[in-house]
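Asks: So you can see what is in the structure, the chains are spelled out below.
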Amino acid sequence: MKKNISKKDININPNLNYDINLLRKLYKKMLLIRRFEEKAGQLYGMGQIGGFCHLYIGQEAVVVGIQSVQIEGDTVVTSYRDHGHMIACDMDSKGVMAELTGRIDGYSRGKGGSMHMFSREKGFFGGHGIVGAQVPIGAGLAFAHKYNSTNNISIAYFGDGAANQGQVYETYNIASLWKLPVIFVIENNEYGMGTSVKRASSGNNLAERGKGYGIKFEIVDGMDVLAVRDASERAAEHCRAGKGPFILEMKTYRYRGHSMSDPANYRTRSEVDQIKKNSDPIENLKQILLKSGVTEDELKLENNKIKETVNEAAIFAQESPEPSIDELFKDITIN
Amino acid sequence: MSVEILMPALSPTMEEGTLSKWLVKEGDQVVSGDLIAEIETDKATMEVEAVEDGKIGKLLVEEGDQAIKVNTPIAILLNENEELPNEVKQIIDEKKEKLVTSTFIVTSNDSSEKLKNITPLNYKNITVREALRDAMSEEMRLDNNVFIMGEEVAEYQGAYKVTQGLLDEFGDKRVIDTPITEHGFAGIGVGAAFANLKPIVEFMTFNFAMQAIDQIINSAAKTLYMSGGQMGCPIVFRGPNGAASRVGAQHSHCYASWYAHCPGLKVIAPWSSEDAKGLLKSAIRDPNPIIFLENEVLYGQSFDCPDDENFLIPIGKAKIEKVGSDVTIVAFSIMVGKALEAAKILKDNGIDAEVINLRTLRPLDTETILNSVKKTNRVVTCEEGFPFSGIGAEISAVISENVFDWLDAPVTRVTGKDVPMPYAANLEKLALPQVDDIVNACKKVCYKN
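Protein sequences appear in the order of chains A and B. Residue numbering for the first sequence follows this note's numbering, beginning at 1 and increasing consecutively. Residue numbering for the second sequence follows this note's numbering, beginning at 336 and increasing consecutively.
Okay, chain A solo, but in the shape it has when bound (with noise of 0.2 angstroms):
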């Protein structure tokens, strides 16, 4: 498994054909991911945040270098571990952070919590708890851009653990046979909860599982921003073509356990130690853009802003009230 890119290579091959200005976005928004775990694992610790709650850190990469080629009206779908997903699609910290507390100013009024967000206005459709449900439901919207005879796609999000899930291939099957506009994006983070791929998947890889069903695949650094921008840019093309859907399986890594409650027992400390320091996504990063004229000051100041943005969105989050009581037999259907 090819995982690690380390700081040498790309001392030796800065790829410098991209825009600084859109380098230092992804950067920008990478870090805000992190930012954001990281003070909502604070916030969990602290009993502020309930139930479930799964980090994205680590894996910030995979959903900023797909979101980077994503125009208006394409819509994004994933599964529990959705926090990232959400803030790559533009939606405000406040608000997903007030949902991960239970509070009224949450996306979803404080009745979804960390796994069940959406924003409709921002293409965000969810945020799903049931591991793989959200593959077909992705269909289903890359479904209604080629009914609406849109140039939109859908971009439908799922695990490791997900892949071995039998509606996502008949959901591959149908996708195929109906060219559907989706791209597929395995997060393959090697862990499926405690349960190694190795463990659990037969086969080389995930991705060429879609081979049978005739559906084109890459295998991507998914540590490296700027690979899943170029992986995701000929996926993006193949869909809008009108040429079915494609398969991105993005080898990532996340760092925290599978969820708070997870110790992650079932891996050592050193490999992620090795990881964080060979292949951390945010921090290969930096050492382009520092290679490409941006200052440390520059980024110092951005991460400062960053923090100051987390840190309002946990006061907010903690001030916004809880829901009313009339919001219990609220939104159950539409009248």
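Just so you know, not all the hints are guaranteed correct.
Below, a list of computed lysine to any residue pairs in the SDA-like style, where the Cα atoms sit at most 20 angstroms apart [unchecked claim]: (1) B:K652 x A:I332; (2) A:K211 x A:N164; (3) B:K508 x A:S176; (4) A:K330 x B:D621; (5) B:K508 x A:I332; (6) A:K330 x B:G651; (7) B:K752 x B:D771; (8) B:K508 x A:R240.
If you're looking for bench data, these hints aren't it; they were derived computationally from the structure.
Here the structure of chain A is known, so what remains is to put chain B in place on it, guided by the hints.
Replies: This is chain B only, laid out in the frame that chain A set:
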């Protein structure tokens, strides 16, 4: 010796059919295996083969003859050189007279007669199958966002012919055959509904919807709530539910109470053509996920149905099919017909039963039920499903909680037996609630054993 060729049963629920085309004429020699006729059943048009060799002596029914009962002679096969004896000719003429019957009609009940008088609607006699098809085609004409997908809905014209003709009218963009992957296509439907399309997802039977129940409950029913009201899911899941005939435990399950259990869904169970049309049209227009439980046995039954594309039946309202004063029978779907039959028998026994057709199971029209109980003071609930945690159990609880003091007898349930559906004809009949069971239950609560 001449041999009678009989009208064959070509599906588990077929009781009669149409002889759409003769492929032989009188005097033709046929050998076993030759195609002799095309017969239209409640599900499909099928070719019928000769099972013996001989000469076609007489065709007993004409092309286009409808409602020919299973096992009716349709032709006489003669041995070579044998002539049709005169006495046989005579018998044939008599039989032919009898064959010319109209389509099976379930006679309308009192209240629908009443409805006719108070509303200026034109009625036409159509099957439940046609009513469902008309509901879909009318709504598809009105709203381009409505489309239907499912197994065999398009080119095959529907496994039970409910979608007949839709592909021709609306094309393959809106009438879509799916692979046999209920979980997958139900989820795709849900996604399309989140994006503001209005899918009708047909399950060949609700037994197969078990494969998709996660998408129905966890995705379709709960997301509006989990999204704080943002993600409506305007989708109709429809198909036959409950027992058909002799298809065993995996194809006979009534899922009414399963779906009615879940907040976020609306659950509808029509009985007549009027119900089917008016409620399906309302379901398609409703912004919520709808479970629309049809019944295979009812598909071929004909009822008078308002012939008006603006005719809608409100979701959540029951209909009093027969007014009565001694006992309330609460039923839905196929059990409404059985309840009305029971009411006729009860009338001869001096018991005047009121029959409520629930039409919608969630939200339940408790008001109509409770008002009836206050009048009759006795209730019998009827359903094909199992007794444990069934619709009858819920109705019983609602009655106890609200009008306990009005009751003169315990609420009594008539249900399917608490067993997986057996195949053997005698056992299947025992497992299903019958008219006599309703009659006996009503007598019991009226203390007239």
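Asks: K330 (chain A) and D621 (chain B) were given as a pair; does the straight-line alpha-carbon distance stay at or below 20 angstroms?
Replies: This hinted pair holds, its Cα atoms lying about 17 angstroms apart.
Asks: Hey, K508 (chain B) versus S176 (chain A), does the alpha-carbon distance stay inside 20 angstroms?
Replies: holds (16 angstroms)
Asks: What's the verdict on K330 (chain A) and G651 (chain B), does the C-alpha distance respect the 20 angstroms limit or exceed it?
Replies: holds (18 angstroms)
Asks: Given the hinted pair K211 (chain A) and N164 (chain A), is their alpha-carbon gap at most 20 angstroms?
Replies: holds (15 angstroms)
Asks: Between the alpha carbons of K752 (chain B) and D771 (chain B), is the straight-line distance 20 angstroms or under?
Replies: holds (14 angstroms)
Asks: Just to be careful, I want the Cα atoms of K652 (chain B) and I332 (chain A) compared with a cutoff of 20 angstroms; is the pair within it?
Replies: Given pair K652 (chain B), I332 (chain A) holds - Cα atoms ~19 angstroms apart, limit 20 angstroms.
Asks: Would you mind confirming whether the straight-line C-alpha gap from K508 (chain B) to R240 (chain A) stays at or under 20 angstroms?
Replies: Holds. K508 (chain B) to R240 (chain A) sits at ~19 angstroms (cutoff 20 angstroms).
Asks: Under the criterion that the straight-line Cα-Cα distance not exceed 20 angstroms, is the pair K508 (chain B), I332 (chain A) satisfied?
Replies: Given pair K508 (chain B), I332 (chain A) is violated - Cα atoms ~32 angstroms apart, limit 20 angstroms.
Of the numbered hints listed earlier, the single one contradicted by the structure is hint 5.
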